[in-house]
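A.B. asks: Use these hints to put chain B onto chain A, whose structure you have.
Chains as they are written, first to last, in the numbering used here: chain A, 764 to 1051; chain B, 764 to 1051.
Fair warning: there could be bad hints in the mix.
As the list makes no split between identical chains, a pair holds if one copy fits it or if it spans any two.
As the list claims (entries may be wrong) - Using 20 Å as the maximum straight-line C-alpha spacing, the simulated EDC-like pairs for lysine to aspartate or glutamate come out as follows: (1) K784 - D807; (2) K1045 - E1022; (3) K1014 - E914; (4) K802 - D907; (5) K1025 - D878; (6) K1025 - E967; (7) K1023 - D978; (8) K784 - D772; (9) K886 - E825; (10) K784 - E809; (11) K788 - E777; (12) K1044 - E1019; (13) K1044 - E1022.
By construction, these hints were calculated from the structure, which means they are not laboratory data.
Protein chains: 2
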Amino acid sequence: MKKEKPGIDLWTTEHYEGVLKLGYKTKETLYSKESDFQKIDVVDTEYLGKVLFNDGLLMTSERDEFVYHEMIVHVPMSVHPNPKKALIIGGGDGGTARELLKYGSLEKVVMVEIDPCVVEACKEHIKVTSCELENPRLELRIEDGVKYVAETNEKFDIVIVDSTEPIGPATPLFGKNFYSGIAACTTDNAVVVSQCESPFLNPEMQEKLLSIKADLFDKVSMYNYSNMTYPAGLWSFSYASKGLDPILDTKPLPPEVLEKLKYYNQGIHKGAFALPQFQKKKVQQYFK
Amino acid sequence: MKKEKPGIDLWTTEHYEGVLKLGYKTKETLYSKESDFQKIDVVDTEYLGKVLFNDGLLMTSERDEFVYHEMIVHVPMSVHPNPKKALIIGGGDGGTARELLKYGSLEKVVMVEIDPCVVEACKEHIKVTSCELENPRLELRIEDGVKYVAETNEKFDIVIVDSTEPIGPATPLFGKNFYSGIAACTTDNAVVVSQCESPFLNPEMQEKLLSIKADLFDKVSMYNYSNMTYPAGLWSFSYASKGLDPILDTKPLPPEVLEKLKYYNQGIHKGAFALPQFQKKKVQQYFK
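The following block holds chain A by itself, in its conformation from the complex (with noise of 0.2 Å):
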């Protein structure tokens, strides 16, 4: 029987506020640079596939990207009745401009990626969110979202912002500010969804995001899903609207979308906005 040799062993490990930790066995380490606005990894683990670390923190992997991209993608997209055009503010891995994609009816959509070594990082290494990156339909900026909000004159039916945690180059993502851009920047009907962080780790960034909405917009509300791989397992997606509810108003979704799906489902559309206690005596109060 042949031996398997000795090697190193290897472990990327996720530091959570210096009380959790979370580790992945590790084969290769493939990507790694300091950009101009964090430092971008890619490492190629036993557990999860290729995997892109920001500053430390776990953003996207192959096994289980799936996830966030439907529930951040699909949720708006079957609650408008006729978009047009999309905006994705980050989302640099290319995941959710793969799943607006599918929707043949969508005529644009614009992603502003502030940091182009993340789109660099992916399209080398994760082809399988960043496939569509030179779809003919995508208008790729590498940009400052916040500047092309305020500055952009395009409107848009959907917004998806699809952000790292509130610190580093996504901090202004989550102000006030950013949000009355797009206030200005969307269409009558436009729903604007955001990653809106766990209702177990920071409820009170929940809370802030919420409370800006509802300044801005007529409908707000929040909806959780769970992937593999994110900190205490339950995370959130703000939702805002100039008029649509996120349950009354939506419809099925087209079949040769649905059928590629591997998460999102009318059942789980629904039952995502249905929050725990706990949660919901936090957030209720901003909903509309």
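C.D. replies: Relative to the frame of chain A, chain B by itself:
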């Protein structure tokens, strides 16, 4: 300014199949014993309060135990119209008994835990779950649950299989022999809920347990929850009943119970039965 003295950097680490680690910053170990069935440890952590580990797997933490215990109890209790007697198999930390005993209408709860050391460890160190273990309506039996259900003459309206993973002492609790015993010791309309692993990590075991239940019960389904501590975020309970549908037959909880809960509410109940597409495709063939 007084400087904090340096001390050891103590971590408790849960290992999952050699490819994943979950680490918790630890203050001290409180209990550590090799019982006749498993290694039992209670540690005091910075992040989760006191935590129980069986054979190195995290079972219960003070900070998030309410999620699991509320979901395993209040789903069946909201479905059965008039439960008088409940049976817990396992559940040595006491959290499931605590939730059941919130219902004044329950006349008797029998809890059958195989390992006295789990009860001992939690009585000494995890009061938040063990606080009702001396309740006069609770009959705590230290014996083998498989043998108990095979031999008892009692009939139960609610059965809750609150087991560890299908390794070690809990292995028979994932087998057909055990569930035949449960079917025989339940009333008409009884509801049987079981810890049923993670759809991300152990879909084969989910299928196995559902197929066993589908051979023995008229109604079979599955529902999900997410807590802070179980690896891979999304976990499930299986549902079975001789006659009651988990959605159509559910009713509001008594207000004096509902007001004490931190996770469960009617929206969460219904939403939990909506399964992600990848899980639904595997398990819905067993649903009745």
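A.B. asks: If a hint holds in the structure, say so; if it does not, say that too.
C.D. replies: Outcome of the hint check:
1. Taking the closest pair of Cα atoms, K784 and D807 come within 20 Å of each other both inside a single copy (18 Å) and across two copies (16 Å).
2. In the homo-oligomer, the alpha carbons of K1045 and E1022 lie at most 20 Å apart only across protomers (15 Å), although the nearest pairing inside one protomer, at 36 Å, exceeds that limit.
3. In this assembly of identical chains, K1014 and E914 lie within 20 Å of each other by CA distance neither inside one copy nor across copies; the values are 33 Å within and 52 Å between.
4. In this homomeric assembly, K802 and D907 come within 20 Å of each other (Cα to Cα) only inside a single copy, at 18 Å, whereas the closest approach across copies is 53 Å.
5. Neither within a single protomer nor between protomers do K1025 and D878 lie at most 20 Å apart by alpha-carbon distance, with minima of 29 Å and 40 Å respectively.
6. Taking the closest pair of Cα atoms, K1025 and E967 come within 20 Å of each other only across two copies (17 Å); inside a single copy the shortest separation is 31 Å, beyond that limit.
7. For the identical chains of this complex, K1023 and D978 are neighbours neither inside a copy (36 Å) nor across copies (32 Å), given an alpha-carbon limit of 20 Å.
8. Taking the shortest Cα distances, K784 and D772 sit within 20 Å of each other both inside one copy (17 Å) and across copies (13 Å).
9. In the homo-oligomer, the alpha carbons of K886 and E825 lie at most 20 Å apart inside one protomer (13 Å), although the nearest pairing across protomers, at 43 Å, exceeds that limit.
10. Taking the shortest alpha-carbon separations for K784 and E809, both the intra-copy value of 17 Å and the inter-copy value of 12 Å come in at or below 20 Å.
11. For a Cα distance limit of 20 Å, the shortest separation of K788 from E777 qualifies both inside one copy, at 12 Å, and across copies, at 13 Å.
12. Proximity of K1044 and E1019 under a CA criterion of 20 Å is satisfied inter-copy only: 17 Å between copies versus 38 Å inside one chain copy.
13. Taking CA atoms no more than 20 Å apart as the test, K1044 paired with E1022 passes between copies only; the shortest distance there is 12 Å, against 36 Å inside one copy.
When held up to the earlier numbered hints, the structure conflicts with 3, 5 and 7 and fits the remainder.
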